[in-house]
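Required output: the full structure, derived from the provided sequences and hints.
First residue of the sequence shown? That's 11 in my numbering, and the numbers climb one at a time after it.
Derived by calculation from the structure, the hints in this document are not laboratory data.
Please note that the accuracy of each hint is not assured.
Have a look at the derived ranges for each label pair, beta carbon to beta carbon [stated by the list, open to error]:
(1) P215 - K179: 52 to 62 Å
(2) Q324 - G138: 41 to 51 Å
(3) E327 - L394: 16 to 26 Å
(4) H331 - G177: 36 to 46 Å
(5) V352 - P112: 44 to 54 Å
(6) V352 - A260: 39 to 49 Å
Capping the alpha-carbon separation at 20 Å, the derived lysine to aspartate or glutamate pairs in EDC-like fashion look like this [as the list claims (entries may be wrong)]:
(7) K246 - E414
(8) K413 - D349
(9) K250 - D406
(10) K38 - E87
(11) K179 - E155
(12) K413 - D334
(13) K250 - E409
(14) K179 - E59
(15) K39 - E87
(16) K38 - E60
(17) K413 - D346
(18) K235 - E409
(19) K235 - D282
(20) K38 - D142
(21) K413 - D233
(22) K413 - D214
(23) K250 - D214
(24) K235 - D291
(25) K39 - D117
(26) K246 - D334
(27) K179 - D117
(28) K250 - D232
(29) K39 - E155
(30) K413 - D232
(31) K38 - E90
(32) K89 - E148
(33) K179 - E60
(34) K399 - E409
(35) K235 - D406
(36) K413 - D372
(37) K235 - D351
(38) K399 - D369
(39) K38 - E148
(40) K413 - E230
Glycine included, every Cβ here is placed at the ideal spot set by N, Cα and C.
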Amino acid sequence: MDSAPSQQQEPALSETIPRLTLSLTGWKKLSARIVRWPINAITYTIRREEDSSDRPCLFKWSPSDLILRLCYANNGEMKEASVAEPQGPVPRHKPDFSGPFPVNSTDVIELWPATETTLYGTLPDRYGPLLDVGGRYEILWAGGEITQWAWGTKQDHQGQGQIVPPGPKLALPAGPRFRFTALTPHWQPDPQNRIRPPRPSLIDPAARVSGGPVLTVTLEVDDGKITGCEWDIELKLQAKVTYHGVLGNATAGPIMLYTGAAIQYESYCLLDRRRDGTTWDPVTPVFPCNIGAYLADLPQGFARGQRGLFVCLQPGESWIHTLDAYDGDPWEFPPDLADGDVFRLQHRGCVIDWWSWGDSGDLATTLASLPSNNKTTVAYPTDLDGRPKLVLPASDPIELVYKEQG
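The following block contains the structure:
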């Protein structure tokens with residue numbers, strides 16, 4: 011009789027520290043001017059590999075912590091380039107800083123075993139002088155360590171203020187890399203090769219729900235101008251959200267609402283250009299509308315009434331958000347931009363992720379679950395507990411004139 015094959019048991023691992031790995035991907039073609047790179051030019055994915063613990067962990071890390079090696083092609087070989095060292099004092103958020111760290115810091119990441127988180131960024135300006143048009147380059151992660159980490163979740167550490175690291179360092183092994191070609195500083199992807207989702211329609215005031223707060227949004231740009239010189243284009247945009255009362259109810263109390271991607275995020279503003287006549291041509295957003303931001307499937311962190319993420323409004327009060335916009339962030343301006351071009355800017359409207367009745371005192375005790383590395387949507391509570399959805403209709407359009415500066 012045949013016997014079943016014996017199974018070899020894996021040796022048991024003693025719990026030590028979490029095992030992390032980093033991977034890099036990026037755009038294959040980029041401008042020779044880093045200032046024109048899209049804000050998602052480089053994708054960083056940190057994965058927690060299977061290890062000896064089933065507990066979650068926290069660690070403090072952001073793309074700005076990276077020390078990357080930039081290599082260039084020389085006769086078919088990649089040679090390391092000499093990159094200028096960063097100037098100024100060593101920041102307290104550097105990965106080799108071993109002191110305590112705040113649990114509610116925006117760059118604290120929470121990972122369970124066999125999960126990952128994804129972040130996006132570009133290169134620091136000091137890499138800029140090394141890029142030549144037509145050059146082929148490789149960005150290489152040379153390895154590093156994370157000293158600011160702890161076991162547990164953000165919720166576990168709420169109320170502690172500062173987390174003291176347990177001591178051993180977390181390693182991010184060397185090896186991840188990707189290559190790109192530097193093109194003309196004015197380069198933009200070929201519009202014919204882009205996959206563009208249909209532009210979303212404007213949200214009509216009729217979409218408001220009876221019993222829900224009545225909000226409006228207005229846009230304003232200083233001097234009504236977009237200014238630029240040698241492709242460095244800038245506009246300062248101010249969005250003002252005003253609470254007017256409750257639809258169908260003469261009495262209205264204070265409200266608290268989440269001001270994340272639905273209101274703040276740039277892709278909710280539509281920009282068009284008019285050259286001749288009355289035809290408006292859309293200006294391409296770096297992030298297509300409806301994305302809001304890049305969301306990763308990862309365990310949720312918690313924020314208790316964090317200032318800047320939530321706001322309280324009494325009837326008649328307004329909340330103002332200011333955005334500095336540039337060419338490449340959040341729009342790619344036309345390459346044939348000329349002095350006197352007229353633009354039209356409009357907030358398309360949105361449905362706000364989360365809101366409730368209450369004032370600043372209630373907000374201080376409100377618990378909302380958010381993605382741990384990009385606060386763009388509310389994950390908990392998963393519903394509004396019977397409250398009507400909060401609709402913010404589209405703003406009125408405003409017209410802007412492009413002014414070339416000498």
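Here is how each hint holds up against the structure:
At about 55 Å, the beta-carbon gap between P215 and K179 stays in the expected band of 52 to 62 Å. Range check, Q324 to G138: about 47 Å between beta-carbon atoms, so the 41 to 51 Å window is met. Distance hint check: the CB atoms of E327 and L394 are about 21 Å apart, consistent with the given range 16 to 26 Å. Checking the proposed 36 to 46 Å range against H331 and G177 shows it holds: the Cβ atoms sit about 41 Å from each other.
For V352 paired with P112, a C-beta distance near 46 Å keeps the hint of 44 to 54 Å intact. Restraint check, V352 to A260: a C-beta distance of roughly 42 Å satisfies the suggested window 39 to 49 Å. Between K246 and E414 the alpha-carbon distance is near 16 Å, which keeps this suggested pair within the 20 Å criterion. A hinted pair counts as satisfied when its Cα atoms are at most 20 Å apart, and K413 with D349 qualifies at roughly 5 Å.
Under the criterion of a C-alpha separation no larger than 20 Å, the hint pairing K250 with D406 is consistent with the structure, at around 12 Å. Straight-line distance between C-alpha atoms of K38 and E87 comes to about 18 Å, which keeps the hinted pair within the 20 Å bound. Restraint check for K179 and E155: the C-alpha separation of about 6 Å stays at or below 20 Å, so the hint holds. As the CA atoms of K413 and D334 are separated by approximately 17 Å, the hinted pair is consistent with the 20 Å bound.
With a C-alpha separation of about 17 Å, the suggested pair K250 and E409 falls inside the 20 Å cut-off, and the hint holds. The suggested pairing of K179 with E59 holds, with an alpha-carbon distance near 16 Å, which does not exceed 20 Å. The suggested pairing of K39 with E87 holds, with an alpha-carbon distance near 19 Å, which does not exceed 20 Å. Among the hinted pairs, K38 with E60 is inconsistent with the structure: their alpha-carbon atoms are about 31 Å apart, more than 20 Å.
Only pairs whose Cα atoms come within 20 Å are accepted, and K413 paired with D346 is accepted, the gap being roughly 14 Å. The hinted pair formed by K235 and E409 meets the criterion: a straight-line CA distance of about 9 Å does not exceed 20 Å. Distance restraint check for K235 and D282: the Cα-Cα separation of roughly 14 Å lies within the 20 Å cut-off, and the hinted pair is therefore satisfied. Between K38 and D142 the alpha-carbon distance is near 15 Å, which keeps this suggested pair within the 20 Å criterion.
Proposed proximity of K413 and D233 is supported: the alpha carbons are some 11 Å apart, at most 20 Å. Under the criterion of a C-alpha separation no larger than 20 Å, the hint pairing K413 with D214 is inconsistent with the structure, at around 32 Å. With a CA separation close to 18 Å, the supplied pair K250 and D214 stays within the 20 Å bound. Straight-line distance between C-alpha atoms of K235 and D291 comes to about 18 Å, which keeps the hinted pair within the 20 Å bound.
Of the supplied pair hints, the one linking K39 and D117 is violated, its CA atoms being roughly 28 Å apart against a limit of 20 Å. For the given pair, K246 sits about 5 Å from D334 by alpha-carbon distance, which is consistent with the 20 Å threshold. As the CA atoms of K179 and D117 are separated by approximately 17 Å, the hinted pair is consistent with the 20 Å bound. Restraint check for K250 and D232: satisfied, since their Cα atoms lie roughly 14 Å apart, inside the 20 Å limit.
Distance hint between K39 and E155 is unfulfilled; the C-alpha atoms sit about 30 Å from each other, more than 20 Å. The hinted pair formed by K413 and D232 meets the criterion: a straight-line CA distance of about 13 Å does not exceed 20 Å. Simply put, K38 and E90 have alpha-carbon atoms about 19 Å apart, close enough for the 20 Å limit, and the pair holds. Of the supplied pair hints, the one linking K89 and E148 holds, its CA atoms being roughly 9 Å apart against a limit of 20 Å.
Straight-line distance between C-alpha atoms of K179 and E60 comes to about 17 Å, which keeps the hinted pair within the 20 Å bound. Under the criterion of a C-alpha separation no larger than 20 Å, the hint pairing K399 with E409 is inconsistent with the structure, at around 31 Å. Pair hint K235 plus D406 holds up; C-alpha atoms about 17 Å apart against a cutoff of 20 Å. A threshold of 20 Å between alpha carbons decides the hint, and for K413 with D372 the separation of about 46 Å lies outside it, so the pair is violated.
As the CA atoms of K235 and D351 are separated by approximately 10 Å, the hinted pair is consistent with the 20 Å bound. Taking the CA atoms of K399 and D369, the gap is about 19 Å. The hint holds against a cut of 20 Å. Restraint check for K38 and E148: satisfied, since their Cα atoms lie roughly 10 Å apart, inside the 20 Å limit. Using a Cα cut-off of 20 Å, the hinted pair K413 and E230 holds, with the two alpha carbons roughly 17 Å apart.
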